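Student: Let's have the full structure, built from the sequences with the hints guiding it.
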Amino acid sequence: MKVELYNYIRNAQKLNRRQVLKGMTAAGAAAMMPKLALGDAHSNVRADILKIPGVGAGSPTDSDWQKVGEMCLGATKENVSAGEFDGVELTFMGLNNQNLHNFLFRGFLKPWEAYTGAKINWIDLAQADYNARLQQSIATGTVDFDIIEMGAPFEGDVLGKGMASEMPDWVKEQIDMDDYVDYLKAPVGTWDGKTYRVSIDGDCHTFAYRTDYFGEGSVTGKEVPTTWQEINQISKDLVGKEDPLTGLPAHGYLDPLKGWGGFGFYFLENRASAYAKHPDSPAWLFEPDTMKPMVNNPAWVQAIQDVMDLIEADAYPADQINADPGTTAFSQFLAGSGSMLNWWGDVGSSARTSDTSVVGDVVGFGINPASDRVYNAQSGEWEETRNEAPNMAYIGWGVYVMATVDSDEKKKKAAWSAAAHLGGKDLSLWASAYPSGFQPYRNSHFQFEEWEEAGYDRAYIEDYLGSNADSYNHPNAAIEPRIPGIFQYYSVAEDELAKGYAGKYASAQETADAIAAAWEKITDQIGRDDQIAVYKASLGL
Amino acid sequence: MLAESATHQTMMIEGDLLHTVTADNISDKRKRFGKLLVWGTALFGLSLALWQFAFETGRVANGFDNWRPVLYAYMLWATALCAAQVIVNGEKGKRTLFVLPAALFVISLVVFPLLFALYISFTDWNLASPNGPQPNGLANVREMWNDEFYWNALKNMVFYVLAVSVEYIIAFGLALLLNSQIRARKFFRVVFLLPLMLSPVAVSWMIGKSMLEVRFGPISRLLREIGIEPSFFGSAEVARFMIMAMDAWTFIPFMMIMLLAGLQALPQEVIEASKVDGATGWQSFKEVIFPLMLPVSVTAIVIRIIFKLKLADIIINVTSGGPGGATDSVTSFIFREYRDRSNVGYGTLLAIVYLILIIIFVTVLLKVVSRWMERPA
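Protein chains in written order, with the numbering used here: chain V, 1 to 541; chain E, 542 to 918.
Keep in mind the hints are simulated off the structure, nothing from the lab.
As the structure is a prediction and not an experimental result, all values here were calculated from the model.
Beta carbons: idealized from backbone N, C-alpha and C, even for Gly.
Among the hints, a few may not be true.
Under the rule of at most 30 Å between Cα atoms (straight-line distance), these lysine-lysine pairs were calculated in the DSS-like manner [unchecked claim]: (1) E/Lys851 / V/Lys504; (2) V/Lys504 / E/Lys750; (3) V/Lys412 / V/Lys77; (4) E/Lys696 / E/Lys908; (5) V/Lys521 / E/Lys696; (6) V/Lys292 / V/Lys504; (7) V/Lys292 / V/Lys536; (8) V/Lys185 / V/Lys425; (9) V/Lys172 / V/Lys536; (10) E/Lys851 / V/Lys521; (11) V/Lys412 / V/Lys161; (12) V/Lys236 / E/Lys750; (13) E/Lys750 / V/Lys241; (14) V/Lys185 / V/Lys536; (15) E/Lys696 / V/Lys504; (16) V/Lys110 / V/Lys412; (17) V/Lys412 / V/Lys425.
Calculated Cβ distances over 10 Å to all of chain V for the following chain E residues [said to hold, decoys possible]: (18) Lys570; (19) Leu587; (20) Phe596; (21) Ala624; (22) Thr637; (23) Ile648; (24) Val651; (25) Val652; (26) Leu703; (27) Lys727; (28) Leu734; (29) Leu735; (30) Glu778; (31) Thr904; (32) Val909.
Which bits of chain V does chain E cover? Going by a derived footprint, with three or more residues having C-beta under 8 Å, they are [what the hints assert, rightly or not]: (33) 130 to 137; (34) 501 to 515; (35) 526 to 538.
Tutor: As structure tokens, then:
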């Protein structure tokens, strides 16, 4: 679980110490009840680890991580005998964000090291350094790590170049891959039909809105919108009205109009996916056979036009042209400017815990908005049917083993065993319930009774995590292409969009054409044939 | 004439004797060996480099996995060169050895990377491309020529550099103020220096993203109180001005402190003499102080311009070059091209072109201002 989410839930539940103790006692008592006592040892592990350190008992520490790692070793012991990896040394490259990620992995893997006899060396990277470090390692052929924590968008760069080790079947069984939410199943984590990724996280954008803006007698007088058409209309209608909470000008949907190192493009995707991601085809950014950009087709142009119309209608807060996604979420939405937003999980969690947030009591969640019509790129026609296509922005972190271990069977087994331990079914439940930097990503993580038993408020968990579960398992989820240089495409698109929004191009179409031209250039530079091949592989075609 | 030549010769010998501890009788054989050592290792290194180049370009079948052996050959040559100084020149060569390794080190770290940069600026190299750098002739130059946003960034640089003149006037004013007999002068000197001690990154967050934040920033609130709807980065002109203002706020103290030092070094007699002659404050400034301050002023302005040409951090943090490239500096543009898009070849070419432009600009600038750099007699 993301730290902010954990704090939010604690605050949302407004637990005091007495209630926490009561909850823990109840959970403890529940654990001793005959029904659970009759359950298998496996479910006991799940209930037991969720008590470490206990919801509301402060942030977990290294000793907690080690305890959890120790208690979850069962699956490892089935495949590896004690001391089997004596003398094996592995290097793990990952992040050190918020003192999570690698810090947790160290704790989780300590008991694994003690049991197997292997030793792990660590390379800790800040998020900002991660991409550059990885790209340089790839470009210069200096892969000095055996296991890597990596986001799925980089799969094109790494798996596409054959730099990772294929997952052995015993690992697939150990981590129970069938339990993954739908969008994390193949083709994500696979390349040319081979599996490489142990998922440890899930990511998607969801829709956050201000509940006090909607309903009878509210400033809009309308129900919560579910389509972009409704959102655009409400945003325009709100011009000149007053925010019910702050008394400042009211605003509708908040589009970030400034780039964010490539990540800003996800926010145009939120709009465009509903128009452009047709249920009949997985492709919505490039045509699979030619890598011809689809970003200048009528669907994407409509998304850009929507934003331009709202700029024209003066529907955004002042200086929106200089607002990146971070600004829209944390300086605007949470501070009471604007009423609707798409974002990752942590905007909801920060709503009550952030000092600058004033909207904690009036925030609601849903899946990304739909569209009244969808563009069919194959027929080149708009179809007047409602289309939902939640944006799985970034797809989440995974653990990958590098091909450098393939020549040494013992080392290879050790590396995969370590990866499987980190992505284990039980361990991941703990990681999704406590601050870890990761979100739930398995169907078993959405068994709300387990959360309730651990001391969480069921209504909140169902409301908030429900929107994530619905997005993850959506049949028409919009998944980004895992091709080399995907963030280069996003970055240049951000630049061109910024120019379009600033009026440097005559129209939305011209802006979209400029993005398409820049994308073509990148494709040619990286190698069109290579890109087509990896794109098709990433789509599972 | 003869006597003069003899004296000169004596002086040379004496001069030499002053520094030479032992007399060197270096045989021709030893000299030849020294020269052979240098040329031999140079030839070896060069052939290795050529061989490796031929291997990399597919002209020969065998070669090394990487260029490291060539680097070792270079180091061998460097060592031989140092050793040869002593072998060929004896004691005198030892003196050279005090400087030569350091000089070679600097050259290695400047010349080689520069040559490498020059090479990759004429390649098509995207880090995500599986093929690595591919020489592409003048394609990058053509792309630059047609890249409106690079020229736009260069145009912005002209505005940014011109802003130095305004900064100079303010800095001079402050320096005069801090040079005069005002109360709490030392306190103000420190206070006025504080912005310079801040990192531009901190300035961009504290001011650009906090104080100027449209909704809850204190400056925005103040403006709203007095009936103005704030917008600091909404239009091209205002955004560019705000960037200039933030950069100026950080670096005016730098010019100020240089000018203040200059003012304090001025000969007081001249100024007092002008007062005795009945000059008003303005006259004494215009006719005496300002001309005397010209060398310091020019130095301060030139250094400030050099600083300005590197402007990037505030822009990257606050506007990312927006709206629509209106605040982009060349460096912030290259940063996006290189870091966000891993477009190494093109990004390097842009940097090299900018470097050449800077060298030309600064050389011309120094030439033009050289007549004011000397204090008037």
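Student: Take the hints in turn and mark each one as holding or not.
Tutor: Hints, verified against the model:
As the CA atoms of E/Lys851 and V/Lys504 are separated by approximately 26 Å, the hinted pair is consistent with the 30 Å bound. Distance check on the hinted pair: V/Lys504 and E/Lys750 sit about 25 Å apart at the alpha-carbon level, within 30 Å; holds. As the CA atoms of V/Lys412 and V/Lys77 are separated by approximately 17 Å, the hinted pair is consistent with the 30 Å bound. Note on E/Lys696 and E/Lys908: the hinted pairing holds, with a Cα-Cα distance of about 23 Å set against a maximum of 30 Å.
A C-alpha spacing of about 25 Å is found between V/Lys521 and E/Lys696, which places the hinted pair at or below 30 Å, so the restraint holds. Taken as a hint, the V/Lys292 and V/Lys504 pair is honoured in the structure, with Cα atoms around 24 Å apart against an allowance of 30 Å. For the hint linking V/Lys292 to V/Lys536, the alpha-carbon distance of about 13 Å falls within 30 Å, and the restraint holds. Between V/Lys185 and V/Lys425 the alpha-carbon distance is near 15 Å, which keeps this suggested pair within the 30 Å criterion.
Under the criterion of a C-alpha separation no larger than 30 Å, the hint pairing V/Lys172 with V/Lys536 is consistent with the structure, at around 24 Å. Our distance criterion of 30 Å between C-alpha atoms is met by E/Lys851 and V/Lys521, whose separation comes to about 28 Å. In summary, the hint linking V/Lys412 to V/Lys161 is supported, as the alpha carbons are separated by about 19 Å, within the 30 Å threshold. Distance restraint check for V/Lys236 and E/Lys750: the Cα-Cα separation of roughly 27 Å lies within the 30 Å cut-off, and the hinted pair is therefore satisfied.
At roughly 26 Å between alpha-carbon atoms, E/Lys750 and V/Lys241 fall within 30 Å of each other, so this suggested pair holds. For the proposed pair V/Lys185 and V/Lys536, the alpha carbon gap of about 16 Å is at most 30 Å, so the pair holds. Taken as a hint, the E/Lys696 and V/Lys504 pair is honoured in the structure, with Cα atoms around 16 Å apart against an allowance of 30 Å. A distance of roughly 19 Å separates the Cα atoms of V/Lys110 and V/Lys412; the hinted pair therefore holds under the 30 Å criterion.
A distance of roughly 21 Å separates the Cα atoms of V/Lys412 and V/Lys425; the hinted pair therefore holds under the 30 Å criterion. Every beta carbon of chain V lies more than 10 Å from that of E/Lys570, the smallest distance being close to 46 Å; the non-interface claim holds. The claim that E/Leu587 lies off the interface holds: its Cβ sits roughly 25 Å from the closest Cβ of chain V, which is beyond the 10 Å cut-off. Separation of E/Phe596 from chain V is adequate, the least Cβ-Cβ distance of about 16 Å exceeding the 10 Å criterion.
Every CB of chain V is more than 10 Å from the CB of E/Ala624 (nearest about 33 Å), matching its label as outside the interface. Residue-level check passed: E/Thr637 sits 37 Å from the nearest beta carbon of chain V, beyond 10 Å. For E/Ile648, the condition that its CB be more than 10 Å from all CB atoms of chain V holds, with the nearest at approximately 24 Å. Non-interface status of E/Val651 relative to chain V is upheld: no Cβ of that chain comes within 10 Å, the nearest being about 22 Å off.
The claim that E/Val652 is not at the interface with chain V holds, since no C-beta of that chain comes within 10 Å of its own (minimum 21 Å). No beta-carbon of chain V is positioned within 10 Å of the beta-carbon of E/Leu703; the least distance is around 23 Å. For E/Lys727, the shortest C-beta to C-beta distance to chain V comes to about 38 Å, beyond the 10 Å cut-off, and the non-interface label holds. Every Cβ of chain V is farther than 10 Å from the Cβ of E/Leu734; the closest lies at roughly 30 Å, confirming the non-interface assignment.
Every beta carbon of chain V lies more than 10 Å from that of E/Leu735, the smallest distance being close to 26 Å; the non-interface claim holds. Distance check for E/Glu778 against chain V: the nearest CB is about 12 Å away, which clears 10 Å, and the non-interface claim stands. For E/Thr904, the non-interface assignment is confirmed: its Cβ lies about 33 Å from the closest Cβ of chain V, beyond the 10 Å cut-off. At roughly 35 Å, the least C-beta separation between E/Val909 and chain V is larger than 10 Å, which holds for a residue marked as non-interface.
Only residues whose beta carbon comes within less than 8 Å of a beta carbon in chain E count, and the stretch 130 to 137 of chain V has 3; three or more means the coverage holds. Evaluation of the coverage hint for the stretch 501 to 515 of chain V: fulfilled, as 4 residues show C-beta separations to chain E shorter than 8 Å, against a requirement of three. With 3 residues having a beta carbon nearer than 8 Å to a beta carbon of chain E, the stretch 526 to 538 of chain V meets the requirement of three or more and the stated coverage holds.
Every hint, counting from the list given before, is met by this structure.
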